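Peer 1: Build out the structure end to end from the sequences listed, making use of the hints.
Number of protein chains: 2
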Amino acid sequence: MPEFFEVLPPDVARTRWWNQVTHRAGNETVSAYDALGRVTARAITSPEALPAFRRSTVDGYTVLAADTFGASDSLPAYLDVVGEVPMGQAAAVQVAKGQAALIHTGGMVPPGADAVVMVEHTQPFTGDQIEVLKPVAPGENVLQVGEDVLPDAEILPAGHRVQPQDVGALLALGLVDDIPVVQRPRVSLFSTGDELVVPGTGTLQPGQIRDINSGTIQALCARAGAEARIHGIVPDQPDALYEVLAAALPESDLLVVTAGSSVSVRDMTADVINRLGKPGVLVHGVAARPGKPTILAVLAGKPVIGLPGNPVSALVMFTLFGVPAIAYLMGTDVPRQMWVQARAAANIPSAAGREDHVPVRLVDREGELWAAPVFGKSNLIFTLVGADGLLKVPLNKTGLRAGDWGEVTLF
Amino acid sequence: MPEFFEVLPPDVARTRWWNQVTHRAGNETVSAYDALGRVTARAITSPEALPAFRRSTVDGYTVLAADTFGASDSLPAYLDVVGEVPMGQAAAVQVAKGQAALIHTGGMVPPGADAVVMVEHTQPFTGDQIEVLKPVAPGENVLQVGEDVLPDAEILPAGHRVQPQDVGALLALGLVDDIPVVQRPRVSLFSTGDELVVPGTGTLQPGQIRDINSGTIQALCARAGAEARIHGIVPDQPDALYEVLAAALPESDLLVVTAGSSVSVRDMTADVINRLGKPGVLVHGVAARPGKPTILAVLAGKPVIGLPGNPVSALVMFTLFGVPAIAYLMGTDVPRQMWVQARAAANIPSAAGREDHVPVRLVDREGELWAAPVFGKSNLIFTLVGADGLLKVPLNKTGLRAGDWGEVTLF
Chain A
38 MPEFFEVLPP DVARTRWWNQ VTHRAGNETV SAYDALGRVT ARAITSPEAL
88 PAFRRSTVDG YTVLAADTFG ASDSLPAYLD VVGEVPMGQA AAVQVAKGQA
138 ALIHTGGMVP PGADAVVMVE HTQPFTGDQI EVLKPVAPGE NVLQVGEDVL
188 PDAEILPAGH RVQPQDVGAL LALGLVDDIP VVQRPRVSLF STGDELVVPG
238 TGTLQPGQIR DINSGTIQAL CARAGAEARI HGIVPDQPDA LYEVLAAALP
288 ESDLLVVTAG SSVSVRDMTA DVINRLGKPG VLVHGVAARP GKPTILAVLA
338 GKPVIGLPGN PVSALVMFTL FGVPAIAYLM GTDVPRQMWV QARAAANIPS
388 AAGREDHVPV RLVDREGELW AAPVFGKSNL IFTLVGADGL LKVPLNKTGL
438 RAGDWGEVTL F
Chain B
38 MPEFFEVLPP DVARTRWWNQ VTHRAGNETV SAYDALGRVT ARAITSPEAL
88 PAFRRSTVDG YTVLAADTFG ASDSLPAYLD VVGEVPMGQA AAVQVAKGQA
138 ALIHTGGMVP PGADAVVMVE HTQPFTGDQI EVLKPVAPGE NVLQVGEDVL
188 PDAEILPAGH RVQPQDVGAL LALGLVDDIP VVQRPRVSLF STGDELVVPG
238 TGTLQPGQIR DINSGTIQAL CARAGAEARI HGIVPDQPDA LYEVLAAALP
288 ESDLLVVTAG SSVSVRDMTA DVINRLGKPG VLVHGVAARP GKPTILAVLA
338 GKPVIGLPGN PVSALVMFTL FGVPAIAYLM GTDVPRQMWV QARAAANIPS
388 AAGREDHVPV RLVDREGELW AAPVFGKSNL IFTLVGADGL LKVPLNKTGL
438 RAGDWGEVTL F
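Residue numbers (this note's numbering), protein chains in the order written: chain A, 38 to 448; chain B, 38 to 448.
It is possible that part of the hints are untrue.
As the list makes no split between identical chains, a pair holds if one copy fits it or if it spans any two.
[Stated by the list, open to error] Pairs of lysine-lysine, DSS-like flavour, derived with a Cα cap of 30 Å: (1) K315 x K171; (2) K329 x K171; (3) K171 x K414; (4) K414 x K315; (5) K434 x K414; (6) K134 x K414; (7) K134 x K171; (8) K315 x K434; (9) K134 x K434.
Don't read these hints as lab results, they were simulated from the structure. Bear in mind the structure is a predicted one, so any value in this text is a computation, not a measurement.
Peer 2: So, in structure tokens, the structure goes:
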């Protein structure tokens, strides 16, 4: 039972796979208050100017700048205070030559005035008069109409993940309801393997282990913005697997089968996928460690992944292929928060022609991030507990030397 | 109306504040499947050994290692195949000297055997015999009982944010229900400012603007693991603010008031907080930009924050104080994903004695992260849209030079 499959570099595998994926997640609308982390379905433009009126950026007096030219501590300008601009209302006062009006930060600059003098640069003189001790230029301390954003300007591009500040930007323009976003991709998860037992369903018999990949992959999906449904454990029989996959395909955006760990079960997964439609299996084997025996397939234009049964391999391979596939289905990239650059804290040997992903702990050394390999057998889940992420040793390198920069995908 | 308050460095301010915070978020239990991102309320220990039985890590033949010593291509060891180990069942076969049994990855190593020869290092000989072409050492390709985790070993410490692999680790041990986690802190958000209007409630009048801080801060809370409730806009009247804060305090873990932008309204916030109890306002002014006029207070042992009304200042200051406070209430640290190290892509001037937070876009240059400042007036929300995070210019520096390393808090 030797393994006969063509092993492809991860990037080549991904391209071969994505070239056949024609399906995309659907669209829906949500409230701006619920839009955090969602992906915009189309570019969003501004319906109006922001600010919509001239606003003061300081507390002080709004004036005609020309009245303050040449003012100084020793030779102040004297202005008549003709009123106060109330917050949240149109300025009722009008400011003419030789006049000033009290204004607060965010207040509407009244007609006639073209600048604001900070209160610190004024002092009271007589009853209704102030001294201005410093000149202001026209427009100084004033936000002009549309200075933040102009009508019809694109405020968020299509395929953009909504961040906290974007929620604020939408609300600032009154865009509260009906924000067009991509639906969360629906991922269907299946585990095969006669040794597997659903966690929490009684005592294990000798030789049995609990299915943990469903939970791990579901968590990775949630973090990537998808909703994963655990379909449970499928017996190691081709027809059983065929049946559940066929039933789930129409209602899923991505199918994931975690294959039992033996070669025969993996081959069964590939065979069943090929029976389900064209093009079927496109990649069977990736030049990466851990996780080499990974299957990438397409059915009905939708991506299908066959993961190795080993929990560490499954997690690494889903990070490498599943998480980007979820972003791809949504028309966006993997979240920026998911990786950092760091320097290898030790020599990490690898083999040229193979991309290694090594569990690491991140350490901050005088403002630089270093990645220290976590030791332990590579296929044990507890090696990953306590690791901060996976350091990539690129395909074309025979390893990283201590001090080399590398890319760490964060857990 | 000059501002009279003592301005403290951010770290000093935070310490003075936290020293008085005695309250913590409560505890609850959740399913391991819902535990992603939650914080453990206490250390979790393993109820059993993992693996619970000796497992093969490869496909091959399980043997007595001593039978293979000296085996080579030219001088193979000959063994009798006495059966196959079925997946998910106790090994029914027994392996004695001169014998082997077919075994799959994850299969239970039967009594008598102490190693597994990879199938690639064997070949069929006659009917029930195989040739072993390479020796194995005792224990080779076998996971021993408890090699991943031992009974009573601490698997997750208290105050740990549950990651995808931790979900897998819990499930692997059958820890499905009743995972002890900290409750999501309940944050109550209030906005004051007579110029503010709830977004989505009709046309703005001149001088009015929409309240966007509630939405932005709510999003930051969600990302930090808290649940924020927007209480809406409070009139600029001390008694109105007193009433809503007093009502919310018992049912909140953190109170946040976004003050109107004028000095008088900020002072009102401080006055009302001080009327509500001891110690009240501990910090009124932080040596940081943007966001200097920030209030940090404690009521009933709970943290209270008064944020500046400007949306950018409010966002930066909540990132600086609110997000760590949420982590503090849960007995943990800010998520690792929230910051990266990067090099300044341009000179960034600052003033010694002030901590600046500059919106930046992150750029990858040959494996190193660089932070390029986003230009624009610092108090406009659309300056932040399109930025990836905030680069910190430390208190004791007069700026960062291009190429200097700095810390970027990600949006």
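Peer 1: For K329 vs K171, is the C-alpha pair at or below 30 Å within one copy, between two copies, both, or neither?
Peer 2: between (71 Å within a copy, 23 Å between copies)
Peer 1: Check K315 against K171 for me: Cα-Cα at most 30 Å, and say if that holds within a copy, between copies, both or neither.
Peer 2: So K315 and K171 fail the 30 Å test inside a copy (77 Å) and across (42 Å) alike.
Peer 1: Within, between, both or neither: how does the pair K134, K171 come out at a Cα-Cα threshold of 30 Å?
Peer 2: within (17 Å within a copy, 100 Å between copies)
Peer 1: Can you tell me if K315 and K434 fall within 30 Å by alpha carbon in one copy, between copies, both or neither?
Peer 2: Cα proximity of K315 and K434: none, with 36 Å in one copy and 62 Å across.
Peer 1: For K171 and K414, with the copy left unspecified, which applies at a CA distance of at most 30 Å: within, between, both, or neither?
Peer 2: between (71 Å within a copy, 22 Å between copies)
Peer 1: Can you tell me if K134 and K434 fall within 30 Å by alpha carbon in one copy, between copies, both or neither?
Peer 2: Result: close neither inside a copy nor across copies, 73 Å intra and 44 Å inter.
Peer 1: With identical chains, the pair K434 and K414 could be close in the same copy or across copies; at 30 Å between alpha carbons, which is it: within, between, both, or neither?
Peer 2: Within. Shortest intra-copy distance 22 Å satisfies the 30 Å Cα cut-off; inter-copy 45 Å does not.
Peer 1: Can you tell me if K414 and K315 fall within 30 Å by alpha carbon in one copy, between copies, both or neither?
Peer 2: neither (38 Å within a copy, 55 Å between copies)
Peer 1: I want to check one pair: K134 and K414. Are their C-alpha atoms no more than 30 Å apart within a copy, between two copies, both, or neither?
Peer 2: Between copies only: 29 Å across, 81 Å inside.
When each numbered hint is compared with the structure, violations occur for hints 1, 4, 8, 9.
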